Structures are given as structure tokens and as C-alpha cells.
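Asks: Sequence:
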Amino acid sequence: MNIEDLPESLGVLKKRSDGVYLISGEQEVFLNEKPVAGEQLLGLGDRIRFARMVKKLV
18 MNIEDLPESL GVLKKRSDGV YLISGEQEVF LNEKPVAGEQ LLGLGDRIRF ARMVKKLV
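Mapped onto our numbering, the consecutive letters of the sequence shown carry residue numbers 18 to 75.
By construction, these hints were calculated from the structure, which means they are not laboratory data. Note that this is a predicted model, so its numbers are computed, not measured. Each residue gets a CB set at the ideal place from its N, CA and C atoms; glycine is no exception. Treat the hints with care, since some could be wrong.
Stated by the list, open to error - Pairwise CB distance ranges (calculated): (1) 62 with 33: 17 to 25 Å; (2) 34 with 68: 16 to 24 Å; (3) 32 with 64: 13 to 21 Å; (4) 62 with 31: 15 to 23 Å.
Kindly produce the complete structure, drawing on both the sequences and the hints.
Replies: As C-alpha cells, then:
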């Protein structure tokens, strides 16, 4: 998935010098099958699942 393709309602991906972060806001997100909130540093191979997806992300 391209960073620009993430619907804003699902959160924001921010690229920084130390990595890429998912900022989920109030959306319920599971990172590697664990519930998370707020700002999360992403790593290669991380799995992101949204509790309430409007459409499937590819």
C-alpha cells in the first residue's frame, strides 16, 4: 500500500527520519494482532488490521 492510499478515517502514515509511523487517532487498530492506539512505529512485515473497515485495503 502506498502512504497516500490510506483513507484519512483509518489514520495517517507519517514518514520520519527514524521510520514510518501509523497515527490511528480514535480508530481501533490491531498491530500484529494486538490492539494499539495513538502513534505506533511500523516495522517491515508488520500486519495492520482495522476493526471497522469500510472497504478492503490491498
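Asks: Determine for every hint whether it applies to the structure shown.
Replies: Going down the list of hints, with the structure as the test:
| no. | hint | in the structure |
| --- | --- | --- |
| 1 | 62 with 33: 17 to 25 Å | 19 Å, holds |
| 2 | 34 with 68: 16 to 24 Å | 30 Å, violated |
| 3 | 32 with 64: 13 to 21 Å | 19 Å, holds |
| 4 | 62 with 31: 15 to 23 Å | 19 Å, holds |
Violated hint: 2 only; the structure is consistent with all others.
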